[in-house]
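Chains as they are written, first to last, in the working numbering: chain W, 1 to 164; chain C, 1 to 164; chain P, 1 to 493; chain G, 1 to 493.
Any given hint might turn out to be false.
Below, computed lysine-lysine pairings styled on DSS-like, alpha-carbon distance capped at 25 Å [said to hold, decoys possible]:
| # | chain 1 | residue 1 | chain 2 | residue 2 |
| --- | --- | --- | --- | --- |
| 1 | G | K54 | C | K57 |
| 2 | W | K42 | P | K52 |
| 3 | W | K3 | W | K42 |
| 4 | G | K4 | C | K57 |
| 5 | P | K52 | W | K57 |
| 6 | G | K345 | W | K118 |
| 7 | W | K57 | W | K42 |
| 8 | P | K4 | P | K52 |
| 9 | C | K42 | G | K54 |
| 10 | G | K345 | W | K99 |
| 11 | P | K345 | C | K99 |
| 12 | W | K57 | P | K54 |
| 13 | C | K57 | G | K52 |
| 14 | W | K42 | P | K54 |
| 15 | G | K52 | C | K42 |
| 16 | C | K118 | P | K345 |
| 17 | W | K57 | P | K4 |
These aren't lab readings, by the way, just hints derived from the structure by calculation.
One letter stands for each residue in the lines below.
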Amino acid sequence: MSKYAVTIEGTTFEVEIQHLPASAEFFSVRVNGEELMVRVPKGDQPTPMHWIIVDNKPYEVVLDTELRWIKAWSGWHAAEIRDLEAVVERPTSGDGRVKAPIPGLITAVFVRVGDEVKVGQALLELEAMKMENEIQAPRAGVVTEVRVRPGQTVGMGEMMVEIS
Amino acid sequence: MSKYAVTIEGTTFEVEIQHLPASAEFFSVRVNGEELMVRVPKGDQPTPMHWIIVDNKPYEVVLDTELRWIKAWSGWHAAEIRDLEAVVERPTSGDGRVKAPIPGLITAVFVRVGDEVKVGQALLELEAMKMENEIQAPRAGVVTEVRVRPGQTVGMGEMMVEIS
Amino acid sequence: MFNKVLIANRGEIAVRIIRTLRDMGIWTIAVYHEEDIHSLHVRLADEAIALKQKVDDPQAAEILEIAHATGAEAIHPGYSFGAERYDFARPVEKEGFVFIGPPSQVIRELNRKVTMLERAEQAGFRTPRHSDTAFNVGDMEAIRRAADELGYPVVIKARRGGRGRGVRLVRRPEQLERMVQSAGAEAMAVYHDSRIYLERAIYPVLHVDVQILADRHGNVIHLGERCSALQHHNQKIICETPAPCLSEQQRRQVWEMAIELARLFGYENAGTVEFLVEPGGEIYFSDFKARIQIEHPVTEMVTGIDLVQEQLRLAAGEPLRWRQQDIRFEGHAMQCRINAEDPWKNFLPSPGSLRRFRLPGGLHVRVDTYGYTGGYVPRVYDPLLAKVIVWGESRDACIGRMRRALQDFIIQGIPTNLPLHQGILNHPAFLAGRYEAMLTQEAGLNEPADEAHLRDLAVIMAVAYMRRHQAPQPVIPERLTTGWHRSARRLPQ
Amino acid sequence: MFNKVLIANRGEIAVRIIRTLRDMGIWTIAVYHEEDIHSLHVRLADEAIALKQKVDDPQAAEILEIAHATGAEAIHPGYSFGAERYDFARPVEKEGFVFIGPPSQVIRELNRKVTMLERAEQAGFRTPRHSDTAFNVGDMEAIRRAADELGYPVVIKARRGGRGRGVRLVRRPEQLERMVQSAGAEAMAVYHDSRIYLERAIYPVLHVDVQILADRHGNVIHLGERCSALQHHNQKIICETPAPCLSEQQRRQVWEMAIELARLFGYENAGTVEFLVEPGGEIYFSDFKARIQIEHPVTEMVTGIDLVQEQLRLAAGEPLRWRQQDIRFEGHAMQCRINAEDPWKNFLPSPGSLRRFRLPGGLHVRVDTYGYTGGYVPRVYDPLLAKVIVWGESRDACIGRMRRALQDFIIQGIPTNLPLHQGILNHPAFLAGRYEAMLTQEAGLNEPADEAHLRDLAVIMAVAYMRRHQAPQPVIPERLTTGWHRSARRLPQ
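Working from the sequences, and respecting the hints, build out all of it.
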């Protein structure tokens with residue numbers, strides 16, 4: 001049996017999952033005191049899976065590879081998941097390095113070393129796929145490094161700005 | 001270099017294939033004295049491949065797993081292929097065993113042991129997927145064995161009749 | 001309108017109905033047998049309930065239990081023969097659910113084929129000559145007598161009719177017994193009723209169906225005709241509207257006859273009136289189907305009307321939303337039935353995995369299917385996998401678009417009857433709209449190909465062969481490793 | 001009609017044009033840059049030629065070389081800004097090929113935006129107040145003076161215009177210089193011309209486009225208007241016809257103005273006349289596009305006319321096949337642009353492999369895309385991946401169907417802006433057709449979900465998490481192996 005806490009759209013659910021002995025497709029799940037039958041139909045299901053039947057409701061889902069979000073018919077929903085049986089709990093890395101999410105051309109830089117920034121504040125503009133893309137601060141803090149300048153091209157994953 | 005004889009719609013072509021050193025995607029092909037450039041674009045191409053560019057013409061093809069036929073935009077075409085460089089040439093098996101191509105119910109048997117049959121002659125009727133399907137003789141010969149009778153169900157690949 | 005509707009069917013039928021229901025904001029409840037777990041209808045529904053029985057032939061009891069448990073208000077039986085079963089429709093009504101179709105009493109009357117035809121005759125309609133009664137298949141003496149009376153060729157038909165099942169054309173007396181047994185067995189399997197009747201064969205003959213809509217307030221309209229003369233294994237594989245084989249006068253005649261017949265039988269909801277047309281010009285009423293047909297999308301294409309939506313409105317008691325003069329027919333529409341059948345093996349069914357399944361698209365192209373890349377064609381159901389429906393401003397434009405659509409329909413994993421369609425779409429008799437000429441000739445499966453094209457195909461085969469040898473872990477049958485790998489089978493000519 | 005046509009474009013544009021050409025039986029020649037080898041247009045064409053240059057910005061020389069080598073008779077430039085390049089159209093004409101579009105002289109005149117607007121003003125059309133001339137981006141003093149004269153907010157526009165590129169809304173004087181540089185850089189990259197002009201901002205404003213068709217014999221008709229007020233990143237992501245934001249009188253007014261403007265500029269072939277409409281009721285002529293637009297399919301849906309086919313006929317010199325009174329507008333159509341953009345990362349482009357790509361289907365649903373399962377979104381082009389176009393007998397029916405279609409569009413491998421559309425389709429202001437109210441509010445990305453639904457989603461996440469651990473060869477980032485795996489990012493509000 002496995003036990004998780006899942007927070008979705010601000011509501012937290014405790015989910016207990018039990019494999020049914022007969023089959024790898026069926027699970028018995030206990031959530032908020034209710035017993036549900038869950039089926040992950042075999043077939044060409046990759047990890048993460050893309051369809052599942054919960055309590056007779058088929059869900060065609062797209063899951064983020066890092067399980068940060070789930071897309072179902074009702075839209076996209078942010079999720080947080082915690083393994084309640086994990087012995088060691090590590091903190092998130094708290095990485096403040098802002099890397100290029102896509103190769104492109106730096107068209108503007110709005111911050112300098114020493115600037116204090118808020119979450120969501122514009123750091124720079126990156127042109128890629130014919131669009132000006134504003135790159136925002138992933139966390140609040142102080143800019144400790146700016147490695148790019150306007151006119152420079154950056155590769156995928158290249159470090160551009162560091163906030164700490 | 002590899003060399004093949006391919007017969008398609010009654011016309012036979014001698015095809016010489018040379019791998020270009022630079023890439024596994026490109027081939028130089030000589031056919032009927034003409035030099036053609038062929039490309040098998042990478043990607044999710046399984047074996048047999050499903051798309052190919054011959055002399056700038058893209059072909060979306062579906063190939064029989066046994067390479068008996070090719071489907072292109074012009075329809076389905078039967079093909080025969082012979083490796084001209086193979087040292088040992090084995091004859092075709094000449095298999096006269098008629099196996100069930102699909103599981104189903106035998107609804108009628110039209111031949112008995114000792115009957116002489118022609119190619120395409122009806123041997124029996126097999127009901128499967130809601131249809132009466134006539135199973136025909138794959139070759140001419142004499143029926144040497146009949147293993148099924150009306151009312152019997154057969155599994156996929158089960159031997160039904162032998163002709164020799 | 002309803003809030004929750006249960007769809008008691010499977011495959012492309014369930015997919016098509018679910019789509020309209022969801023367009024209307026209605027909660028959809030699908031049912032499925034284990035064989036169908038990978039069918040698209042299970043994935044598209046709001047709720048999907050596993051069944052113990054096979055879905056194409058639903059027993060009312062299990063379906064009703066699910067309808068009660070899920071809170072469904074109405075049940076759509078789909079448009080296979082299950083939609084015409086009195087023993088399904090009646091219990092649905094009795095337990096207080098809305099049956100999306102005509103009242104069960106109407107279904108019962110239309111199911112008694114011999115009686116129904118006689119009622120039409122008495123009202124002055126011409127019908128094909130038929131036996132006075134239905135027979136048990138054991139009663140060969142009576143059957144033989146009836147056949148002799150009608151004269152050969154004769155058609156054996158299942159008493160319960162529908163979908164071309166249990167139908168056999170008998171050309172010579174010595175074929176009769178075998179054909180009767182075979183038809184009876186098929187009718188038993190499909191309808192649980194092996195009784196058959198006989199009809200004088202009209203040959204060659206054109207099949208013309210008229211779509212009608214009728215409300216419970218006495219209004220009846222037609223939505224034009226469909227022509228589906230091209231049959232293969234007794235199924236209509238290509239269908240179009242307007243019918244190229246009818247004169248303008250014949251067209252108006254079948255429209256009017258359909259409306260009169262709907263009134264005669266007190267019909268309600270969407271229905272289909274079937275006619276046989278002799279190339280000479282004689283028109284026979286042959287059947288009245290208490291449902292829409294597999295071919296209904298061509299009518300939707302030229303009228304813009306969603307027939308499933310109208311079925312729901314009519315079943316809910318709403319009056320018809322149009323008078324006859326409001327209906328306009330625009331352009332031309334055509335449908336090809338894509339079956340999981342192997343043209344290289346005498347069109348044997350070919351279930352299996354859909355490794356690649358890329359649909360044609362673009363303007364005026366519609367595909368109804370339960371398949372998708374990674375999906376599966378189950379072994380236990382009929383081989384209809386997909387329907388390609390296209391519209392064009394003229395018949396020629398329609399054929400041009402259909403040709404392109406079929407070329408772009410990529411199905412890998414199983415063989416299908418796609419090449420048969422491609423052959424028909426290049427057949428001169430078909431292009432001329434002379435359906436009757438198609439009946440006596442088999443279409444070739446290939447477009448004419450020039451030498452350069454054949455050369456390219458030969459190159460492709462050679463490259464494919466070479467790549468197999470180079471594959472890191474070749475799974476190559478012995479006969480492929482050298483020499484002539486197998487005598488290529490010629491296509492059926 | 002032509003036998004061979006070269007399509008000098010890529011992606012969904014090339015796919016859409018190839019489909020119509022093949023419907024008409026015309027041999028299609030596609031071109032592709034290596035980045036696009038896995039695009040559907042390469043696979044659908046009869047012939048596909050590799051290019052050295054990127055395809056969205058074709059140099060005439062290389063294209064003409066290919067046209068000569070392949071024996072093309074005509075060249076379709078597509079309907080991105082490449083269709084409006086005089087330096088492309090002119091050489092095509094000069095070398096004796098038919099350019100599928102207006103004569104290059106007309107393109108040249110329409111490209112000089114300031115002059116074009118002034119000509120319209122002289123003919124009595126109201127236009128947004130704009131600077132008298134275009135500026136080099138270095139000439140900040142003159143630009144600043146012109147902006148002060150017009151008054152803030154002011155819009156910077158590229159002299160060459162088109163596709164919302166090089167456009168910036170400037171609210172305050174201190175933003176001007178940065179915006180001018182940014183707009184100029186973008187215009188340079190896209191049009192090879194960094195010059196800009198200024199326009200007084202009308203805000204809030206509705207964008208209404210009218211589709212026109214004109215032959216070379218002096219006949220001009222319109223095919224109705226399209227309303228695409230919903231913009232995101234300056235691109236029209238949702239578009240519909242008829243425009244819900246116009247009164248009947250305004251609708252007729254823009255129709256008539258479009259025809260007069262087409263006559264004023266001596267326009268030929270299919271074109272688009274763009275208007276700005278103040279919610280108060282004032283209508284401004286803002287641009288004349290020498291091409292059809294990305295949004296043209298909604299017009300095709302309500303008129304039944306294939307615009308690419310008509311472009312070919314008009315370019316071949318045929319007269320218009322309809323008079324204005326023959327055109328009928330049926331029902332309502334809507335288009336959503338599905339972009340490869342990550343809504344979780346401020347809509348950054350998200351190129352990558354399409355691991356699963358299952359299109360919505362059924363009655364009145366059309367998808368134009370270059371994608372397919374196993375396909376690829378390249379890094380170097382714009383993020384438009386697919387267009388979903390649906391028709392309904394009313395606006396409500398249309399929205400219901402679009403909602404269903406977007407729910408059924410399964411794209412796995414890359415994130416897309418699908419959730420943005422789903423949010424808009426549930427936004428009360430959008431449902432009421434009050435576009436102007438949408439401009440000031442951001443749509444939420446989610447439908448309201450009840451507790452039972454959230455519970456199911458939580459269960460799915462838990463099962464997915466557990467299955468990752470059970471996978472035989474888990475490729476799990478360290479942060480996922482235990483505990484809170486990562487603070488979930490909230491969606492942009």
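(message) Flag every earlier hint the structure violates by its number, smallest first.
(response) Violated hints: none; all satisfied.
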